[in-house]
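Could you build all of it, start to finish, from the sequences and the hints given here?
Quick note, the sequence shown lines up with residues 1 to 444 if you use the UniProt record's numbering.
Hints were generated in silico from the structure; no laboratory data involved.
Since we're looking at a predicted model, the values are computed, not measured.
In silico lysine-lysine, DSSO-like type, Cα no more than 27 Å apart, as pairs:
| no. | residue 1 | residue 2 |
| --- | --- | --- |
| 1 | Lys212 | Lys2 |
| 2 | Lys351 | Lys429 |
| 3 | Lys305 | Lys141 |
| 4 | Lys44 | Lys2 |
| 5 | Lys258 | Lys304 |
| 6 | Lys289 | Lys238 |
| 7 | Lys314 | Lys26 |
| 8 | Lys429 | Lys383 |
| 9 | Lys62 | Lys2 |
| 10 | Lys151 | Lys289 |
| 11 | Lys263 | Lys294 |
| 12 | Lys294 | Lys151 |
| 13 | Lys208 | Lys383 |
| 14 | Lys232 | Lys263 |
| 15 | Lys294 | Lys212 |
| 16 | Lys6 | Lys62 |
| 17 | Lys224 | Lys263 |
| 18 | Lys224 | Lys304 |
| 19 | Lys304 | Lys141 |
| 20 | Lys62 | Lys26 |
| 21 | Lys151 | Lys141 |
| 22 | Lys147 | Lys289 |
| 23 | Lys208 | Lys141 |
| 24 | Lys141 | Lys372 |
| 25 | Lys151 | Lys372 |
| 26 | Lys372 | Lys352 |
Pair ranges (Cβ atoms, derived):
| no. | residue 1 | residue 2 | range |
| --- | --- | --- | --- |
| 27 | Gly394 | Glu30 | 18 to 26 Å |
| 28 | Asn29 | Arg290 | 34 to 42 Å |
| 29 | Asp368 | Gly394 | 22 to 30 Å |
| 30 | Glu369 | Ile403 | 28 to 36 Å |
| 31 | Glu257 | Asn301 | 19 to 27 Å |
| 32 | Trp332 | Ala14 | 24 to 32 Å |
| 33 | Tyr178 | Glu16 | 28 to 36 Å |
| 34 | Glu361 | Gly401 | 16 to 24 Å |
| 35 | Ile254 | Glu16 | 29 to 37 Å |
| 36 | Asn301 | Asp368 | 35 to 43 Å |
| 37 | Leu235 | Glu179 | 37 to 45 Å |
| 38 | Leu46 | Gln108 | 18 to 26 Å |
| 39 | Met1 | Pro23 | 22 to 30 Å |
Note that CB positions come from ideal geometry on N, CA and C, so glycine has one too.
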Amino acid sequence: MKSLVKHISYLSEANEISSTPIPYIKFQNEEFTNLLDPESEVLKMLQGEFSYISKSNLLTLKFKKAVNQCESQILMILCEEGPKSYLHFVIRRDHLLQDTITQLKMIQPSELMKQIHVTFVGEEGRDQGGVSKEFFSLISKEIFSTKHFEKYQNFIFFNSNADNISHNHDLDNICQFYEYYELCGKLIGIAIHNSIIIPVRFPQLLYKMLRKSMIRLGDLEEIKPEVIQSLKSILCLKERADFNALSLFFDVTIFDEKENIVKTVPLIKNGSQIQVNENNVDMYVIEMKRFILKAYNNVFNHFKKGFWDAIGSKTLRMFTDEELDIIISGQWEYDWKGFRDSTCYTSGYTKKSETIQMFWEVFENDLDENQKKEFLLFVTGSKISPVEGLSGLGFIISRSGDINLLPVSHTCFNVFQLPDYKDINLIRKNLQICINNNEGFGFI
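Right, here's the structure in full:
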């Protein structure tokens, strides 16, 4: 079996560097994966024995996630010694970003592997997981909204002009400009270590850079769509273009915000004197790709350091670029039918209870997509569909007898306490109150 697994693993690795790779999921085998025990494979790896974790191409995302959680739990146990058993954040809601940055800077390397506990100043809620999820949901909106990052339609990425802009920023008295990126990487690493998904999406390019995967021209299209489309067009015209008419040289023009001037930067030595032609156009495209990536070197290296410092994980390298995206930012799809079908009912409720039937009627017919996500935030502490999908949430609706009270959520356990209302309009009204006031409201 080991020989077969190794052989398939080699094929998968060859596929990764192929010019036309097939989907990575084609190499995964659910039947084989189901024969393995996550904890056993982690222990073998830690003891230096052969583990199928090292040949992870065949393993499913669900199994890899279980392996990563096992490793995190072991690391947390090993780090429990010392004066503090937890990585404790004390946060003022009205100073969320400043408090987070300050405390991230103070974390000792030995504390990074500890389980996180968050306390919001002036609030009594004990963190059994729900408060931490709310914290990451809130801080993600702020920490990635500074001038250090650029916002695209579906994701955020580093500011490509970071080396050429003023490095004065609102947090100058707390941290240096590039240090900010390191702290952001550290924050994401802590989230992964604690199995918390953040409501921020990054381009696949980031995960390729973190994993040192091959970066193709198309991978840059997410962040530089117009430039990459132009380069692709030039390559398509290679055999029949009049390159003299294009008047292209091995240089690029940029705006330097520090000096407030437009600069021409050569891509190679004496690039401004070397014209692009049919013989060197491939080299020109390669140099342009290198130039684009080089603009992110400083910021990425700081981010990468913080990220891997916080992870301390051997198993995270199992994940593909696409899987890392899901581990950090959750699934792209929201299966609301699966959400309903997998819901459990307690304290006297069943799926046939009148109140439950009315609740789902309101949920499915009255709430739009965004409102459903706000409800998800209210009951779980996160708007994001988890790695296992909505059907894997383990959502529970529990009966509460006092119809004079509003519904309450226990975000630590994904439990929604719904009073036994007998009026659909009351359900509709109170559900709207929940989703419109879900920050620090009704959370236990």
